[in-house]
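Student: For reference, the chains in residue letters:
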Amino acid sequence: MIKTTGFYDLCIQESLFTSLLTNNDLIESLKSLHNFGYRTIAVNQSIDDGNIEVGKKKKKREPRETQDIVPVPFNLKRIQDVVAQLQLENFVVLNRLTVFFSHQEALHKITKSTNYKKFHIIAAAPTTMPAFTFTCTSLEADIFSFNPENKFNMRLNRKHYNLLIDRGFHFELLYSAAIQDSTKRKNLIHASHLFHAFGKSKNIIFSSGAENFMYIRSPYDIINLGFIFGLSELQCKSAVFHCPSKVVLNSVGRRHGKAVMFVENIESEKEDVIMLQESEGEDMETDQPRQKKTKI
Amino acid sequence: MANSFYIDLSLKFPDPYGSEVSPVYFKKNITEALCQLFGEVSSAVDIDLLKFDKEGRRGILRVPKSHYVKLRSSLTLASRYEGTVCCYIIHKVSPFLLGLQGDSRNYNH
Chain A
1 MIKTTGFYDL
11 CIQESLFTSL
21 LTNNDLIESL
31 KSLHNFGYRT
41 IAVNQSIDDG
51 NIEVGKKKKK
61 REPRETQDIV
71 PVPFNLKRIQ
81 DVVAQLQLEN
91 FVVLNRLTVF
101 FSHQEALHKI
111 TKSTNYKKFH
121 IIAAAPTTMP
131 AFTFTCTSLE
141 ADIFSFNPEN
151 KFNMRLNRKH
161 YNLLIDRGFH
171 FELLYSAAIQ
181 DSTKRKNLIH
191 ASHLFHAFGK
201 SKNIIFSSGA
211 ENFMYIRSPY
221 DIINLGFIFG
231 LSELQCKSAV
241 FHCPSKVVLN
251 SVGRRHGKAV
261 MFVENIESEK
271 EDVIMLQESE
281 GEDMETDQPR
291 QKKTKI
Chain B
1 MANSFYIDLS
11 LKFPDPYGSE
21 VSPVYFKKNI
31 TEALCQLFGE
41 VSSAVDIDLL
51 KFDKEGRRGI
61 LRVPKSHYVK
71 LRSSLTLASR
81 YEGTVCCYII
91 HKVSPFLLGL
101 QGDSRNYNH
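Protein sequence lines, in the order shown, are assigned to chains A and B.
Going left to right, the first sequence walks through residues 1 to 296 as full-length UniProt numbering numbers them.
Going left to right, the second sequence walks through residues 1 to 109 as full-length UniProt numbering numbers them.
Read the hints as simulated data drawn from the structure, not as lab findings.
For every residue, glycine included, the Cβ atom is placed at its ideal position computed from N, Cα and C.
One or more hints might be untrue.
Partial selection, computed: residues in chain B whose CB lies under 10 Å from chain A [to be verified]:
1) 36
2) 70
3) 85
4) 89
Heads up, simulated BS3-like pairs for lysine-lysine below, C-alpha to C-alpha not over 27 Å straight-line [said to hold, decoys possible]:
5) 28(B) with 186(A)
6) 12(B) with 54(B)
7) 186(A) with 12(B)
Chain A extracted, bound-state conformation:
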């Protein structure tokens, strides 16, 4: 079970961490993230469904080659080592995957991939209307995202919005795009006002989406910034605190099937290895045995 506390930034691009070559840079940036008040961050990797079709063609030519479409999750070892070294309390780092897709066929391949299951959080970013309706009806993910570079071109309506909320989705706004240039800012404000019009800005989360450390702002700045995105004072706070924490909780639920129950033996003096069992009911035979985990 992942225990997380606020504040949250559930989208920091992988490139931000890969660009920090020396350990000192990494230490500095993690320190300032901690000083800002962030306690849970997620390293984001994205895949586009346009690239996968190229992969498909390749496979037809060379049927032996079994390459996974989904990238291997970013190795958090280096970050976690630094966190342990700095003795930052309650600082959690997660993996997140953003899937940009225009057809549901390609999506099927992605969800069946083995790497897909290794990610903690999954964000869906449909680019066409059929893909959007598919997301509303049957896709299992945690976050509904979109690319602020393009105009928000979905025909949103109240029914779809509420459908997504009922299925535990949260709507994401990437604020670093708003800092970078005014077109992205316009798109972002447009989208957030649509969310306000159709769903009263329910279940909105803010995350940075930053590729450079200079584009990360403190959570209190973001709470204030929420006003121009049409959120109320309370919604602003929950957009960086309560809603992302629900995202993390929901993601645990999604990864483990219908019912989640962790049975842990806390008395460590009797047994060295703490066994963690899950009772899954009917889901047991359909899912993989990797759901039985050993955790300390």
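We have chain A already, so just place chain B on it with the hints.
Tutor: Only chain B this time, still in chain A's reference frame:
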């Protein structure tokens, strides 16, 4: 209740030894940021730079209560200082100048 807010903020560059910042340019950059996001009328509001430390690029601003949210959000979205990337870090905000002296947010038991 006080009519204005006091903001303790500093300007940060990716390169720690970046260009020198004078109080006039600091204020100009803030007004520009406000102008960029909210236009001429909003940027015409009385903002005062009470103190400025050149070395640390840190200063104290006074802003009318009615324009606090606007100013703060434009500081959040500001990313340029004379063509270079920068960011504003807001350390503390208080409706009283004395409130900047200390708060309970960083208090450790």
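Student: If a hint holds in the structure, say so; if it does not, say that too.
Tutor: Status of each hint after checking the structure:
1. Nearest Cβ of chain A to the Cβ of residue 36(B): about 8 Å, under the 10 Å cut. The hint holds.
2. Satisfaction of the interface hint for residue 70(B) is found here, the shortest Cβ-Cβ separation to chain A being roughly 8 Å, below the 10 Å cut-off.
3. For residue 85(B), the interface hint holds, since its Cβ comes within 10 Å of a Cβ in chain A; the closest pair sits about 5 Å apart.
4. At its closest, the beta carbon of residue 89(B) sits 7 Å from a beta carbon of chain A; the interface hint therefore holds under the 10 Å criterion.
5. A C-alpha spacing of about 24 Å is found between residue 28(B) and residue 186(A), which places the hinted pair at or below 27 Å, so the restraint holds.
6. As the CA atoms of residue 12(B) and residue 54(B) are separated by approximately 12 Å, the hinted pair is consistent with the 27 Å bound.
7. Using a Cα cut-off of 27 Å, the hinted pair residue 186(A) and residue 12(B) holds, with the two alpha carbons roughly 25 Å apart.
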